Amino acid sequence: NAGVTQTPKFQVLKTGQSMTLQCAQDMNHEYMSWYRQDPGMGLRLIHYSVGAGITDQGEVPNGYNVSRSTTEDFPLRLLSAAPSQTSVYFCASSGTGGNQPQHFGDGTRLSIL
Amino acid sequence: AQSVSQHNHHVILSEAASLELGCNYSYGGTVNLFWYVQYPGQHLQLLLKYFSGDPLVKGIKGFEAEFIKSKFSFNLRKPSVQWSDTAEYFCAVTLSGNTGKLIFGQGTTLQVKP
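Chains as they are written, first to last, in this note's numbering: chain A, 1 to 113; chain B, 1 to 114.
Hints may contain errors.
Looking from chain A toward chain B, a few residues come up when the C-beta cut is under 10 Å (computed) [what the hints assert, rightly or not]:
{"id": "1", "residue": "Asp73"}
{"id": "2", "residue": "Pro101"}
{"id": "3", "residue": "Gly105"}
Derived by calculation from the structure, the hints in this document are not laboratory data. All values derive from a computational prediction rather than experimental measurement. C-beta atoms are modelled at their ideal positions from N, C-alpha and C, and glycine is treated no differently.
Based on the sequences and whatever the hints tell you, model everything.
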C-alpha cells in the first residue's frame with residue numbers, strides 16, 4: 001500500500017547542476033501535481049497533470065519541467081539548479097471528480113549551494 | 001487569480017483551550033475546500049473536506065470546519081486541543097471539477113503547550 005512515493009528524500013546540488021525528482025503513485029490516479037513548500041508561503045503549485053500526456057503550469061513553473069508519459073509517474077526536472085530552488089518538494093495525486101482529495105508523498109528536501 | 005488567506009500565522013495555546021483558525025478564499029464560483037495538517041517532519045494529511053451539502057463538516061481527531069459561503073470562509077475549529085495537535089495547518093481550495101490544481105493558504109503553525 002505505497003500510495004505516493006517520492007525519491008530521493010534529500011538532495012544537495014551545486015548551482016547549475018540538473019536533476020530529476022521522481023514521483024510515482026500506485027492508486028491509478030489521473031491527477032498528479034508538484035508543489036514546493038517554503039516557510040511562510042504555504043505550498044505553491046509548480047506543475048500539474050490531468051492525465052498521461054497532459055501537463056499544465058501552476059503558480060511557479062519557471063525553472064522546472066515535467067512530463068507525464070504514464071499514469072503512474074510524474075517526474076520533475078530542474079534543468080539548471082539555482083539557490084532560489086532550495087525548498088521542500090511535494091508530489092500529490094488524486095482521482096478525477098470534484099470530491100477527491102489529494103494524497104501527498106513524503107517530500108524531497110532539496111538544497112542548492 | 002484565486003487565492004487563499006489564513007489570518008493566523010502562529011498560534012500558541014494551552015492544552016484544553018479551544019481553537020479556531022481562520023481561512024478565506026477569493027473565488028466567486030463553486031469551490032471544494034480542504035484543511036490539511038502537517039505534523040513535524042511528515043507529509044500533509046487530510047483533516048477534512050467540504051464539497052457540498054451540510055456546511056458544517058467533521059473531520060478526524062475532533063476537528064470540524066464551517067463553510068460560510070457569504071463570507072467566503074472555511075474556518076477550522078476544535079473545542080479542546082491536545083499537545084499532539086502541535087502541527088502546521090493548511091487551508092486549500094480547488095475549483096469544482098478540477099482537483100489537480102490545489103491552491104493553499106500560507107499555513108498556520110499551532111503550538112500547544114502541555
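Going through the hints against the structure:
1. Asp73: At about 16 Å, which exceeds the 10 Å cut-off, the nearest Cβ of chain B leaves the hint on A/Asp73 violated.
2. Pro101: holds (5 Å)
3. Gly105: holds (6 Å)
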